[in-house]
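Peer 1: Listed below are the residues making up each chain.
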Amino acid sequence: MVRILILAFLVPLASFGQSARDSLLATERSIDRPITLHGGQLRITGAYSLAVISKQFDENGDATNLRDDGFASVRHRFGLDIKYGVNEFVQVSTFIHQSSQTIRDQTRGIFSANPEEDPNVYQNLSYEYKGWEDLSVNLDIRAPFRTKKIDVGLTVGISMPTASHSPDMPTHSIEYTAENGSTQYNVDYNYHYNLGKGVTVAQLGGMIKYRLPKWAFSARVDYRHGLQEGASYEWKHQLVEYEEFEYRQEFFTYRLPDTFEYYGEIEYQPLPFFDIILNVSGYHSQDGWKTVGRDKVAIPAATLVTINPGVELIVTPRLWFRQKFQFPVSGKSYEGAYTFYTSLIYNLFLF
Amino acid sequence: MQKNITIALLFCIGTHVCFGQEEMSPAEKKQQTLVTEPVTLYKGFFRLQLSTYYSLIDKIFLDSKKQSTEGNSWGDNFSVATHLQYGISDRFMVEASIPYIRQRIFQSFRYEFPLDRNGQFSDTTKWETRASGMGDLELAMGYQLIIESPSRPAVAAYLRVTLPTGEKDVTDDKDDNPDSYNMPTGQGEISINPSVRLRKVSYPFAYGVNVGYKFRNEVTKITEVDKPAVSYKNGNLADAGAFVNVSLNDWVIMRNLVDFYYKEKDQINGSETGDETWLLEYVPGFSFQLKRFRFDQLVIIPIKANLGSADPSYVLLFQYTF
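Chains as they are written, first to last, in my numbering: chain A, 1 to 351; chain B, 352 to 673.
Extracted from the complex, chain B is given alone in its bound form:
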């Protein structure tokens, strides 16, 4: 009996050595996909990422339904962010990212005035509201609290801090139209966003959940042209999400994420303003891993919300691991 147990143990150890401890080369590690890579970057690895975001301002959620806004305003929102990630150890990584933001809103209005009994004066006025420039810098760190094993998921904690490097004030664009102005590209605030992520790989699937909460401070800024600055505080933001990523082959991953956000009311000079907002969104996408290069496409589809844009947004990510 003892002999049998010894053989069985040796077999288990042997199997473990053969299959469980197989070391990957650094080059192989750099080519791991979204499903197979660990939740933080390996020690000494440097990753450069460019992310682009494009959204349209066409429909909004009002009374929990997708509706068109009144009038004919039309806009789009485009940003490109550069992310630099570095693995300090196999469990600890840091990241810095800075976005460039371009937002435009176009609108026109036709007015008619009576001149006398027989005639009227009519004309069309149109204006464009823009935002263009660098946004707020974000610094982040992530630490793997628990390394994934066959019996338990990976658990990682992240901390993101936003610093107010972007323009925080609404500014006059120097044209004659009082409705036209430059929108800010930053929030002017310092925010702290701790979050936790659990992930389990069961090839070809990787699934998990994440929760986070963003604390935002009060800031003095100009929110209307030719008006004095006010103390403004964006509402704190809570989010929770669940994801399932599927390897369709060795280099193509289908991504699926469901996210829920809840934002408290904003405050102006200490008084609450506006509404609490929430958003449920589904984010499908594909990730293509070509050696060390990764290209991801995502579509953010708002499902239900209280206020906020109801149109999908497009996200493209380009990553290279050095």
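Extracted from the complex, chain A is given alone in its bound form:
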């Protein structure tokens, strides 16, 4: 419910008094906006995305349809993004997300040759990924060109390990039943993971935007690098007396993969309040590793390319509404998620 309020609280803000500088927002179409905020401008974005993860790309780039085997899952993600324009060329921003996803594995039935003596066993596995993600802070600087046709910007940022990154203790359970002379164990393995990265991650990015009267073309690239190695643990379990589970932590160290994210975007503005967006995005990660015992095991390099059409509506000069769909096109060692984004964006001038 609290997450719904992230979106809901933005709307009453629309009734706040107008300032003289709001005329800037009233006359500025989506494609006209500079890539950093105006000086004194505050922008608050509440966002929600629903991802249906029904595809998995393997290391060769072949896609497996998870849905057919019943492995598909859903990810709900809420975000809050606050930006402030220090002046016409410098902007600071901070953003945080909360997310939840549960992946359920196949039920596995292990049948006994002699169920009167050895029980049949039914195993269910679930992996829950839930919680806050790390808080990020960025600084954007825009080149002071005289022309409004082109914008170039640079981003430096940092993601701080504010969220829990080690997994919570599992909540496995076992239930014993006896019926018609045969015995059966129902075992549920429930793992719970948090979504923090556990290390500080630095970001360096750049963006360019070129405008025509009704069109805008932009491109962006971001590189992220973990500044240190991380340490965490996995939970191992042991069944005690066929009644309850005991857990112990098995420690490991890791290095987050370096990531490159990039996109190219075309915007068409047929009406002053309506903007159509076509975005092609890419993701690539490499050079990560994790220790398994005394060995250091490489995390496979991963790639993903998506096509993302969307629209933006200027509801009032201060309040904007944006929606976007994401379709996975190709990838390697990565999930293919069909994602639906909705965001409400509120702008005001503080001074």
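Hints are computed from structural coordinates only; laboratory data are not their basis. Since the structure is predicted, the reported quantities are computational estimates derived from the model, not experimental observations. One should not assume that every hint holds.
Heads up, simulated EDC-like pairs for lysine to aspartate or glutamate below, C-alpha to C-alpha not over 20 Å straight-line [said to hold, decoys possible]: (1) 525(B) / 68(A); (2) 148(A) / 105(A); (3) 477(B) / 128(A); (4) 394(B) / 374(B); (5) 410(B) / 128(A); (6) 296(A) / 234(A); (7) 324(A) / 647(B); (8) 417(B) / 105(A); (9) 410(B) / 105(A); (10) 416(B) / 88(A); (11) 416(B) / 128(A); (12) 130(A) / 647(B); (13) 197(A) / 68(A); (14) 477(B) / 68(A); (15) 410(B) / 69(A); (16) 417(B) / 128(A); (17) 417(B) / 69(A); (18) 572(B) / 523(B); (19) 410(B) / 234(A); (20) 417(B) / 168(A); (21) 410(B) / 188(A); (22) 477(B) / 246(A); (23) 565(B) / 615(B); (24) 55(A) / 427(B); (25) 55(A) / 374(B).
Given the coordinates of chain A, work out where chain B should sit on it, guided by the hints.
Peer 2: Below, chain B alone, put in the same frame as chain A:
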């Protein structure tokens, strides 16, 4: 003194004539938004609406908490309904709607059998359960009992009747897997659903409440493949809701609805089965009015429930008033 009163009365009447009785043209009426339009359609107006509904079957409410179901079943539910609305008078409207339904549930199971002391046989079986086809026809009528005025809300009564036009039986899908079958797209029942709605406009807000109760009859249908038909009665359904819609500008409305449903236990061959269920949901959304065309987006978010899906559902509405 009398002169002053006369002037004051004349002023009031004049104001009323100038501001209260301003007539809108039919074209303007057709472009009214969700906030400004009356609770029933104007006389002679015809409205075509397409509504789409999409939901996922991932988590359910169990013990009043959102939980994953056991195993790895996964499903989705999609329907498109066509609605035809007509205003017989400024207070009385009728509606007919028929949905097309597509539902799919996927599941797989891995089993291992011992062969001898040294080996075992293992394999994976997977199956898909589908529903696809036309659903049940719904006929509705609505009458404005009280027309809204500055001092009182509009009150309208609606009556919805569902007729069993969709497939009511579970049917075999002719494959070898006994767990795989075709689900029905209809309930097989005739239901009657009277409801009352109160609404007050205080621009830019429109707010109100609605209550309703759905009576359902008993029907003979097949609920399991290769099993005889049973007499089945879905539990009657009560619902109550409150809404606040806000005009963000002349053509964008933010919608907010809180709804509560309570369903009695189902009955098989006269005996109660399953549990009573209830659901509290919040439905935020946006309505975009572009001339005579209206486009609405809604998300149905289950807040608390006893049984039932715990995942949000998406609703898109496309309307055009002729």
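Peer 1: Run every hint past the structure and note whether it holds.
Peer 2: Hint check results:
Between residue 525(B) and residue 68(A) the CA atoms are separated by roughly 19 Å; this keeps the pair inside 20 Å, and the hint holds. Under the criterion of a C-alpha separation no larger than 20 Å, the hint pairing residue 148(A) with residue 105(A) is inconsistent with the structure, at around 53 Å. Simply put, residue 477(B) and residue 128(A) have alpha-carbon atoms about 23 Å apart, too far for the 20 Å limit, and the pair is violated. With a C-alpha separation of about 15 Å, the suggested pair residue 394(B) and residue 374(B) falls inside the 20 Å cut-off, and the hint holds.
Annotation: proposed proximity of residue 410(B) to residue 128(A) holds, straight-line Cα distance about 12 Å (limit 20 Å). Note on residue 296(A) and residue 234(A): the hinted pairing holds, with a Cα-Cα distance of about 16 Å set against a maximum of 20 Å. At most 20 Å may separate the alpha-carbon atoms for a hinted pair to count; residue 324(A) and residue 647(B) meet this at roughly 16 Å. Note on residue 417(B) and residue 105(A): the hinted pairing holds, with a Cα-Cα distance of about 18 Å set against a maximum of 20 Å.
In summary, the hint linking residue 410(B) to residue 105(A) is supported, as the alpha carbons are separated by about 14 Å, within the 20 Å threshold. With a CA separation close to 49 Å, the supplied pair residue 416(B) and residue 88(A) exceeds the 20 Å bound. Distance restraint check for residue 416(B) and residue 128(A): the Cα-Cα separation of roughly 15 Å lies within the 20 Å cut-off, and the hinted pair is therefore satisfied. Taken as a hint, the residue 130(A) and residue 647(B) pair is broken in the structure, with Cα atoms around 31 Å apart against an allowance of 20 Å.
About 32 Å separates the Cα atoms of residue 197(A) and residue 68(A), which puts this hinted pair outside 20 Å; it is violated. Only pairs whose Cα atoms come within 20 Å are accepted, and residue 477(B) paired with residue 68(A) is accepted, the gap being roughly 8 Å. With a C-alpha separation of about 17 Å, the suggested pair residue 410(B) and residue 69(A) falls inside the 20 Å cut-off, and the hint holds. Taking the CA atoms of residue 417(B) and residue 128(A), the gap is near 12 Å; set against the 20 Å cutoff, the hint holds.
Pair hint residue 417(B) plus residue 69(A) does not hold up; C-alpha atoms about 23 Å apart against a cutoff of 20 Å. Proposed proximity of residue 572(B) and residue 523(B) is supported: the alpha carbons are some 14 Å apart, at most 20 Å. With a CA separation close to 25 Å, the supplied pair residue 410(B) and residue 234(A) exceeds the 20 Å bound. Annotation: proposed proximity of residue 417(B) to residue 168(A) holds, straight-line Cα distance about 18 Å (limit 20 Å).
Only pairs whose Cα atoms come within 20 Å are accepted, and residue 410(B) paired with residue 188(A) is accepted, the gap being roughly 16 Å. Straight-line distance between C-alpha atoms of residue 477(B) and residue 246(A) comes to about 33 Å, which puts the hinted pair past the 20 Å bound. Of the pairs offered as hints, the one joining residue 565(B) and residue 615(B) holds, with about 11 Å between alpha carbons and a cut-off of 20 Å not exceeded. Proximity of residue 55(A) to residue 427(B) is assessed by CA-CA distance (about 15 Å); at most 20 Å being required, the pair is judged to hold.
The hinted pair formed by residue 55(A) and residue 374(B) fails the criterion: a straight-line CA distance of about 56 Å is larger than 20 Å.
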